[in-house]
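Please take these sequences and the hints and turn them into a complete structure.
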Amino acid sequence: MPAIFPRWTNKIPLALGVLGPLAGVGLVLFVWVYFSPSFTDVGYRPEQPVPFSHKLHAGEMGLDCRYCHNTVERAAHAAIPPAATCMNCHSQVKIDSPKLAPVRRSYNTGEPVPWVRVHQLPDFAYFDHSPHIAAGVGCASCHGRIDTMTVVAMDQPLSMGWCLDCHRNPEPHLRPLDQVTNMSWGDSETEDTMIDALRKLAGTSAPAETAGEQQTYNYREDPERTRLPEPPVACSGCHR
Amino acid sequence: MKLRSSLLTAVGSTALAAGCQGNPFPDPPVHIIQNMDFQQRYEAQERNDLFEDGRAMRRPVEGTVARGEVHLKENDHLYRGRGPDGRLVDALPSNIVDSAALLARGEERFNIYCSPCHDKAATGHGIATTRGGGFQVQPASLHQDRLRAMPLGYFFDVITNGKGTMLSYAAQIPAEDRWAIAAWVRTLQTHGKTKGWDETTGMTTVAAAEPAAENGAQKDG
Numbered sequence: 001m002p003a004i005f006p007r008w009t010n011k012i013p014l015a016l017g018v019l020g021p022l023a024g025v026g027l028v029l030f031v032w033v034y035f036s037p038s039f040t041d042v043g044y045r046p047e048q049p050v051p052f053s054h055k056l057h058a059g060e061m062g063l064d065c066r067y068c069h070n071t072v073e074r075a076a077h078a079a080i081p082p083a084a085t086c087m088n089c090h091s092q093v094k095i096d097s098p099k100l101a102p103v104r105r106s107y108n109t110g111e112p113v114p115w116v117r118v119h120q121l122p123d124f125a126y127f128d129h130s131p132h133i134a135a136g137v138g139c140a141s142c143h144g145r146i147d148t149m150t151v152v153a154m155d156q157p158l159s160m161g162w163c164l165d166c167h168r169n170p171e172p173h174l175r176p177l178d179q180v181t182n183m184s185w186g187d188s189e190t191e192d193t194m195i196d197a198l199r200k201l202a203g204t205s206a207p208a209e210t211a212g213e214q215q216t217y218n219y220r221e222d223p224e225r226t227r228l229p230e231p232p233v234a235c236s237g238c239h240r
Numbered sequence: 241m242k243l244r245s246s247l248l249t250a251v252g253s254t255a256l257a258a259g260c261q262g263n264p265f266p267d268p269p270v271h272i273i274q275n276m277d278f279q280q281r282y283e284a285q286e287r288n289d290l291f292e293d294g295r296a297m298r299r300p301v302e303g304t305v306a307r308g309e310v311h312l313k314e315n316d317h318l319y320r321g322r323g324p325d326g327r328l329v330d331a332l333p334s335n336i337v338d339s340a341a342l343l344a345r346g347e348e349r350f351n352i353y354c355s356p357c358h359d360k361a362a363t364g365h366g367i368a369t370t371r372g373g374g375f376q377v378q379p380a381s382l383h384q385d386r387l388r389a390m391p392l393g394y395f396f397d398v399i400t401n402g403k404g405t406m407l408s409y410a411a412q413i414p415a416e417d418r419w420a421i422a423a424w425v426r427t428l429q430t431h432g433k434t435k436g437w438d439e440t441t442g443m444t445t446v447a448a449a450e451p452a453a454e455n456g457a458q459k460d461g
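Respectively, the protein sequence lines represent chains F and A. Note that the working numbering has the first sequence beginning at 1, numbered continuously upward. Note that the working numbering has the second sequence beginning at 241, numbered continuously upward.
No lab work stands behind these hints: they were computed from the structure. Note that CB positions come from ideal geometry on N, CA and C, so glycine has one too. Be careful, since some hints might not be right.
Stated by the list, open to error - Rough simulated footprint, nothing fancy, chain F against chain A, three-plus residues with beta-carbon under 8 Å: (1) 276-286; (2) 289-296; (3) 325-334; (4) 385-396.
Here you go:
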């Protein structure tokens, strides 16, 4: 009588025993890497209705972030500027530029310019810009080098783990209070990407001008600070 | 062999996909739990199609007074830079003190909001006026004799209401900061084009000493 289970079936338990855990680990790793905001969100760069360039305005012309995002120090929300802010200058320069047509229309009719939102936390998380700015966390720590972006892209994952990484140890991200909008202060702060690391090995990375200052900055001894920052790590700090 | 090659492809494609991390992409990131991420409320500057202009934030009714600006009507000095006689004043409002802190604030705010056009020394050659074909009307140098003679309230008034081709900055700068800027403009005028002041001298109201100020105030008042 032939065997009900052919001989090769003897290997099934072994295969299951070995491959099963492997597949499990693989699945976990897969979700870990591909479902995490640093994979799904970083790099989100929607097309905007007006080809407004931070590289030109904030980088080359050196406009301070607060010229346009003027509520950032006072409010939770960093306001996207109304057309009137653009018209301060664009009633004088590039007055007929077709690229600026939506801005002029908005200024004349009151219709908003339909900017596309880039950074967005889920509604169940609470975020407020003003205490971060008051504590001396630079825009660059959370938004990257905006002054080099022609079109704004997300530079950081804005995930809960990312918030907590800083909240548990804010020290390396703190800077003098008047340097918050300075994009190039302590350039070395941002985490090294692989390319940066390679460049460093090859010795071709440009030394950051103010890197030295950043290393010596001790926020505990800064007379400008009236209190030491205490970022919340309890759930209710951000889920209220 | 087959196993090995398929393993290789798996590892290879994983590495490739992982390499995509951080590359720019134009489509919105995936939100799996939609109703938690986008709850039934609106945030600042969010879109709401219920209204014709698509703004969830409604414009305040004409004549609305912001919270905190309670004494708007009474406090002509703070909010309009004018005295009881309706003329531009040459002093800071009573709740703002001439101090090193005020001038530091004024300097910072001036550099943010004014220096793009007027430059940090207020000579009128800011970077924005040199680019893209230049401004049609060059910003004024704030060191002209005419402007040196103006009362402090005049600068507050220009920031608040604009002047000529310069538009109003009232929406961008709160009233207290406008006074700080006015004080800094005066400091630049009296102490030269560079920051020649020290913290003990503070802002000096030149106009107070010169009778010309009165005329200037009358002309514009």
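Status of the hints after comparison with the structure:
Only residues whose C-beta sits within less than 8 Å of a C-beta in chain F count toward coverage, and the region 276-286 of chain A has 8 of them, enough to reach three; the restraint holds. Judged by the Cβ-Cβ criterion of 8 Å, the region 289-296 of chain A is covered by chain F as claimed, because 3 of its residues qualify and three suffice. Interface restraint, the region 325-334 of chain A with chain F: violated (0 residues with C-beta to C-beta distance below 8 Å; minimum three). Taking a C-beta to C-beta cut-off of 8 Å, the region 385-396 of chain A contributes 0 residues in contact with chain F, too few for the three needed, and the coverage statement is violated.
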